[in-house]
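Chains as they are written, first to last, in this note's numbering: chain A, 446 to 608; chain B, 16 to 806; chain C, 142 to 432.
Source of the hints: derived by calculation from the structure; they are not laboratory data. All the given hints hold, so there is nothing to weed out.
In silico DMTMM-like pairs for lysine to aspartate or glutamate, Cα to Cα no more than 20 angstroms straight-line: (1) B/Lys402 / B/Glu314; (2) B/Lys27 / A/Asp530; (3) B/Lys431 / B/Glu364; (4) B/Lys116 / B/Asp87; (5) B/Lys513 / A/Asp541; (6) B/Lys566 / B/Glu583; (7) B/Lys29 / A/Glu524; (8) B/Lys614 / B/Glu640; (9) C/Lys421 / B/Asp664; (10) B/Lys29 / A/Asp541; (11) B/Lys158 / B/Asp713; (12) B/Lys29 / A/Asp530; (13) B/Lys27 / A/Asp592; (14) B/Lys513 / B/Asp537; (15) B/Lys29 / A/Glu528; (16) B/Lys27 / A/Asp541; (17) C/Lys421 / C/Glu371; (18) A/Lys518 / C/Asp193; (19) B/Lys513 / B/Asp529.
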Amino acid sequence: MSDTRNISVVVNGKSYQRTVDTRRTLGDFLRLDLGLTGTHFGCEHGVCGACTVRVDGTAVRSCLMLAVQANGKSVQTVEGMAEGDILTPLQTAFRDRHALQCGFCTPGILMTMAEFLEENPAPSEADVRDALSGNLCRCTGYQNIVDAVLQTADTLRKTRDAA
Amino acid sequence: MMSEKSFGTSPKRKEDFDLLTGRGRFVDDIVLPGMYAAAFVRSPLAHARIKSIDASAALAMPGVHAVISHHDLPATLRERRLPLFVPHPTLTSRMQHALAKEEVCYVGEPVAVVVADNRYLAEDALHLVEIDYEPLAAVSDCKAGARPDAPRAHADLESNVVSRMLSSVGDIDAAFRETPHVFKEEIFQHRGGAFFMECRGVIASYDAVEGALLVYVSSQGPHRIKRALLDLFDLSDTQIRVVTPDVGGGFGPKGSFYAEYAAIAACAMMLGHPVKWIEDRRENFVATHQERDQYWDVEIAVDAEARIRGLRGVLTHDNGAYTPWGIVLPWISVATVPGPYIVPAYHIELRSVLTNKVMATPVRGAGRPEGVVVMERLMDRIAREFKLDPAEVRRRNFIQPSQMPYNVGVIFRDGKQVVYDSGDYPACQDAALQTIDYDAFRARQAEARLKGRYIGIGIGNAVEGTGLGPYEGAAVKVATNGRITVSTGATPQGQSHKTTLAQIAADQFGVSIDAIRVETGDTSKISQGIGTFAARTAVNAGSSVHLASVKVAAKAKAIAAKLLDVREEDLELRDGYVQLAALPGGPGAASDNARQVRKSLAELAVVAAGMPGFAMQDGAEPGLESTAYFTAPQSTYANGTAVVEVEVDIETGRVTILRLVLAHDCGMLINPMVVEGQVMGGVAHAIGNALFERMLYDDQAQPLSTNFGEYLLPLATDVPRIEIVHQETASPLNPLGIKGAGESGTIPTIAPIIAAVEDALSPFGVRILEAPITPQRIVELLGDAALGRTR
Amino acid sequence: MKPARFTYHDPAAIADVLALLAEHEDSRLLAGGQSLMPMMNFRFVQPAHLIDLNRVAELGYIRADAGTLAFGAMTRQRQIQRDANVQQACPIMIEALSHVGHRQTRARGTIGGSISHFDPSAELCNMAALHDAQFVLARKGNQRTLGFDQFARGYLTTAIEPGEMLQEIRLQRWAKPYGFAFEEFAMRHGDFAICAVSVLLTLTGSGAIDAIAIAVSGVAPTPQRLRGFEAAARGQMPGHALCREAALQAAAIEAMSDAYTTAAYRTHLARVLTYRALEKAVARFKSQDMT
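In isolation and in its complexed conformation, chain A is listed as follows (with noise of 0.2 angstroms):
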């Protein structure tokens, strides 16, 4: 009666196989299938950004997308950042800089700035802003968010330079 399909995906590295309804969007997949219980859902409609994961390195809406449509692909997922107890720079500075409060919004928007610091290290404060503006925080007021990723171009450019 379900239509489902086998489908095999990296996840932080991590290889899954697993049988699926095609309906199940990515996101329930990632926390109900594999426990992964970080990526959060705060709309189902596209809109907070909570959600937020990499799919072949690229920040997407995990409420809008089938886990079917990632099959064979590689997916990040916060839990895949940290080396052990060891935080990203942008962990680090989130921390530093009290860029969260509840958290709840967290892991969409460090999914989201990572990929946005790969592709722009040496932002405006206006370019954080606008590449932030898909993600809803209530806590923060986001000044500490866009702080936290403006000292994390600045840490990242200091360790280019060093090396």
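Got chain A sorted already, so can you dock chains B and C onto it with the hints?
Just chains B and C, lined up with the frame of chain A:
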């Protein structure tokens, strides 16, 4: 090694690592064995009678376990309605059933619940439950609803006006008789919802063997949820445990007890399986409490020097369909109006009106921003009438620091007179004005106008009752392995309690905050609790943590003093030990020997725990632990000034905030970083309220704002850089001198945004007596002037 | 907010898509999913068959010919933004795309999806109107090409028939140099426009209008060209009077209203934004001439 005081510093948050790595645990992240998923059938009509419910098609679906409506519920839930926690003598209360019985009174009211293997299946079945409704006339607008000939929001109501409460101080008639300077305004205000990013959610699990009900709920206080469940289910205190895990924002509405919680608990008990319900965003728009409409018809009397003599009027408040918080919300609005100003006579009639909309209960600011808008609009009117600078009018009316404590005379919702404990309101406004370079603004404005740019400035002052009672407790315990735990009934939703409460305890134990475990939101960890709302946790829970930690530390010293044979007053707590204080020249000064004269907290806890068969020493109470329930004698009053500079594009009506300064005084800062975060988030909320957020309903009370494409929250591109100025006036009402901070960004900030827009448009004589103000409305108010160059 | 059941198909070739479309009457094509997926999550749309175009590689391309710029329907908005040909040949498209949603939605959203959905406020629909777009519609066994006026049928409605798919969108390129402007008013960055106005123009050596196109979207159920004004403006000197005339023509478009936005405000925005857009396009043309 911990040596400096933690209070007043900004250590990195204890919460962050988990939240940044996807290891947070929100209610939807919890999976229990055999758990089912639920979805609610909700009323599509604002007011109707339920004629019949046919669930047979839904029940026949594979994977569907139950479809439960009112008549299927356990007897206690059929007989009882949800409890009213804050009754009031003037209130005719109307409380809801767990599932609607015969009449539905708002779109979104739960009528039945479908329980299935998963949410996809539950939603499939939802559409197969057939309900026959007989539509009834609905009340949409509260002012219209207050008229005697209006349809009734509930069929059996005598009047939709369910409370009339007078708030009265001084001789109001004399005040208006004795001066010719009387100014009248009609102000309409709308505030939308909380729109936390994590929607509500609950899991209930019933262990039939133990007779134990376990409830996980995304809330602002598990103890009140437990209290409601006790009222509804006739279980004993120890049979119900309510746990609130990580919470993705609350802002007020997660502090309510909802019909869904009772229904889900009933499902778990009836089906013998854990049941999870996670509200989706569509439900959130119709079923989570919001704030909404207030109509203020007010007039103010001032003397020839623009000093207030009296203020009077009527507030008509849209309460929604039921009264879960009584009249708390509009009452706070009324009590907030006088603010930092001397108002010798005050007379407001509050009319709370039932409408066929989801309930209006406190959202961040809890009615205060509306009160501030009323007063500040009147202040600006006075300035215009007297051709005075708006800042000067406010200066002439400020309560002076020398008048503290200052009795406003108004009765607050705690039943006590509003008595401001401390604060320097003139200095706060001056600090904000100085930061934004107010004195130079008129020159800037004139220069901009020459270039066809319209900029304006506005001021908002507010005094905010914080740290509301009755109490919030803390249990501080040193385990026999030396580990320190703080448990409190308060529940964070982003406010960083695990960090700030640890800071308070850390100072008494002489340890880093990493050595303190803070447990929140579990009714099994501490007996009593109220919850996190009304900017009350730092004051109440913070003070309790302090008092309990002081007691535990003293107990540790007392035991150590006996064991070491030294005087208690020569001891200190440091890094997990009680040792001779290393004061310069003191008995423990730096000698190796002296440093070995110490006892670890673990050793002391073992002694305090007692030894089997031995009597406790000197009748000491067992355990290195203490529980404190700090009760403040009254609210402590924080204050703030927001000054906002905007630019208005007169052709499109677009408002751009150029600068926003917020000077505020929330007493002593436990953690400046956290306070600033609270302020900035609060300001963003006010920006939404002032410029974007509108819940629209049609004339049959059908909600027209049901998604984030229609209801607009401010984005990163809408919120400017916020400049914060701290003042610290210690509150005399608690041991740490703190006041609440969680709403201080929101409360004063709507008013000055509106004022600044009006100021920018002053060449066109535009008057703004409403909030929010949208570009479309600005263009309407401008009329032909908005045609600009196309005229 | 979970989608209802459907049967999922993910063909890899256009021919297979068309065969599936012919076979299944109750079906929807899934492109980037940035509009269809929300509607499915809300269960406003519950197709029995979902035909996913994301594996159809031959639908993703940008081709710059002499007179046209052709886009395969599955070309992502982000891909268009980053395309050197588009940046060079059609800079107004880049400006318009900067208003389309947010980076995560542009990463998935496609030009074909946006135009098939045909939201009256959508920037890409405005671009299609402005550039006298042609739409290649394919069905099993045949193909037809429609101009904008034949394609645009009404609110969220196009000439695409059941069994048919939008395969390619061809914009008529303007030869450089030309002036352009895209003026939009939305409540917030990335929101659907309440009104957007786009202008392309060239001036004669004496500074008079030579050729001009103006498209106004968000006001009427479909994007509108100011054809009357465009014809009358040729040979006229651009300035306040002409900008005002364009503004009045834009204001004459019969406007829609909804719960949030009145027809009067839409009309007003059409008026002031048209003035601004025309003024800006003229200034841009002139500044190009000088360089």
